[in-house]
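Asker: Residue-level listing of the chains:
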Amino acid sequence: MKWPRTLVFGAALFAIFLFAALISFLWTPYDVEVLNIPAKLKTPNAEFWFGSDHFGRDIFSMIMVGARTSIAVAIVAVGIGIGLGVPLGLWAAANHGSWLDEVIMRGNDLVFAFPSLVIAILITAVFGPSALNAIIAIGIFNIPVFARISRGGALSIWTLDYILSARVAGKNALRISVEHILPNIANLLIVQGTIQFSLGILAEAALSYVGLGAQPPTPSWGRMLADSQTMISFAPHLALFPGFAIVLTVLGLNLMGDGLRDILDPKIRRSRQ
Amino acid sequence: MSLLSVKNLTVSIHDTPILKNLSFDMQPSQVFGVVGESGSGKSMTALAMMGLLPGGAEIGGTAMLGGSVDLLNTPEAVMCGIRGNDIGMIFQEPMTALNPVQTIGQQVAETLVIHGQASKSEALKIAREKLNRVGLPADRFPLDRYPHELSGGQRQRVVIALAIALRPKLLIADEPTTALDVTTQAQILDLLRSLVAEEDMALMLITHDLAVVSGIADHVAVMQHGEIVEAGRTDDIFRNMQHPYTKQLLKASGHVPDRTPQTEDIPILEVKNAVRHYVLARTGLFARPPPFRAVSDVSFTLNRGENLGLVGESGCGKSTLTRAILGLEPLQSGEIRLFGEPVSPAMPNALRAGVQVVFQDPYGSFNPRWRVERLVAEPFHLMQTPPTDSQARVDEALESVGMQSSDKRKYIHEFSGGQRQRIAIARALILRPELIVLDEAVSALDVSIRAQILDLLAELSDKLNLSYLFISHDLSVVRAITDRVLVMKSGEIVESGPTNDVFENPQHAYTRELIAATPRLPEGVGGAALT
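As they're listed, the protein sequences go chains A and B.
Take 1 as the starting number for the first sequence in our numbering and just add one per residue.
Take 1 as the starting number for the second sequence in our numbering and just add one per residue.
Bound conformation, chain A alone (with noise of 0.2 Å):
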């Protein structure tokens, strides 16, 4: 098989900051909470290779720790979507036309309709800005994406007749849903999770950036361009780096999410041949 080139660089791309946020863990150049004044605002060089902040620290290693903020932050939010919305799909599936489908849909419908990070902001705003509030406010707008992809699929699943098999294999509706559905549609959760997690990213730093994500001194993103701002005029660095480092996580997760639904999706793949 060729892969899309479109996966294959988007894969590298985001495996360039997934690399980086793993290495974070056991080294970076600096210390990111330690200050170092006398070394403020130095633009790239061979010791701060990304230049350092207005308190010193070294962009290179907070751009490092604050690929880890934001991608935990999207893996976990990514899963609340997926662990919630894709049972509650499920089951609204296996009970297809009944008050049930209609309660668990017309629910989504209810949290598609808010503007989400309006009400990411109302959440963090009442339980306190953290990190934690941020996942769970970007991870309950992924509950309904989850909840529709995964009960359109699994209706056309249904209807086929091994489903009729396993039922007269005497299965009930979550057995068939765990064995039978779930693996069937595990390509279009993959490719949604994907496009989900990149928009995770971005939703992270948006929070960040108006102060309710990630709190200092942990380093994220968004806040290192909100912090930049002042300073844009004569330090265009601080804001160039982390703006960077946010656009080519996310080309690189939707060029990954494009190139993955090319392989996995099969009414794509049919008509390309």
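As a list, the in silico DSS-like pairs of lysine-lysine whose alpha-carbon atoms are at most 30 Å apart: (1) B:Lys251 to B:Lys463; (2) A:Lys2 to B:Lys410; (3) A:Lys171 to B:Lys272; (4) B:Lys410 to A:Lys171; (5) B:Lys489 to B:Lys272; (6) B:Lys20 to B:Lys169; (7) B:Lys463 to B:Lys410; (8) B:Lys20 to B:Lys251; (9) B:Lys247 to B:Lys7.
If you want a taste of the chain B side facing chain A, the calculated C-beta under 8 Å gives, among others: (10) Leu326; (11) Leu328; (12) Leu382; (13) Arg427.
Think of the hints as simulated: they come from the structure by calculation, not from any bench.
Where a beta carbon is used, it is the ideal one built from N, C-alpha and C, also for glycine.
Assemble chain B onto chain A, guided by the hints.
Answerer: Coordinates of chain B only, in the frame set by chain A:
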């Protein structure tokens, strides 16, 4: 002079030969039948004539239309003018061949407008004429009907009206009646036959069904592996066939497996006054949704060791009844008893284990992500504890249907349609049930594969003393394998009796209509036919 003269047509796709040196001629006002099993290249031949081969195809040879245009070496822009104008095409699936958001009048008129043959208002007038011609009169089928308001047969008529709108000289029909019921099929074949005679067209009729060809075609070509193995006048071919493949095809078409029925007088399945209705969509906001009686007042008994056929056209309630018998859907009234115990969605697993099922579609019947061993062993779920020798029983079931025990490590996509149907039978056998419901189990298979599966079913039935409830729309298959037959129409059983009596001496008008509509091979051919 021939209308179409094909010489040495050769097609390969990505270096895989698809068609090898086909040569044939087609005459005006004649029907040219192309017969073959799936993968024989018959559809590819049609696509090559239309210039619609998939990308990567390499074409050799010539196909002269009207002595002047070579269809194989004409640029796409010119072919666009030829398609529709000189060549009309009818596809298999009437459900998807029409655009659901356009009225039938618009769709027929569109062809005329696109080819610059008529203005919009003239086109609609011609569309009306063409629809009248194909048997859709103005009073019942105004131009502003939408495809979803029509039945499958009526849609196929619209597709034919579309194809003949510009009075093409050549009409290509690829399995035009395969998706239709027998009575509808007979009507559509009549229509095609009269169109060819009256409009002076040549028809290329592609089909897998020898009986259809024998009834309508003037000339026949039999294809196998991308080659024409035998061709000639239909009468000559059927009277004096030369090629072993043609003989084999004919033999398989009328195949009757050897059986020794051992019916005991012990009822294992009793259906008494079964009624099942559905609620249809609301017609208005406050209107009560009308009920639809899918199965109304059906009663019958199936004895141990008996093969019972259930025949009916689509929408007659066969599938609904099947689901009720399998205990997947409840009845509104009446009852079904299996081995004397009541059948319902809540029935105990031990009872469920007594009846298993084989479905029609060999492709949709298996979870593509499971290995065969897991697929075949799925019914073990009905047992309290899975048997300790479950692997040995999987082997045994696979071997009893003529597969190898080593096949169990494979995934389902590695098997052909016929092999998949064998695996489906193995899955149905694994619990050693007494009754197997065969829901159109051989309908999707090629004739030679179908003959093998019928043999297998007959052999298993004799060996294991199984009973079958054999549900099918195909009368010849039902006749070949059942002892008794029920004829179902609009949710009711209109006739029942020993299979031979019903077929020899049908009592109900509908049964007679069904039997008359079934295409049959010429009398005495190959000694097989429908006897």
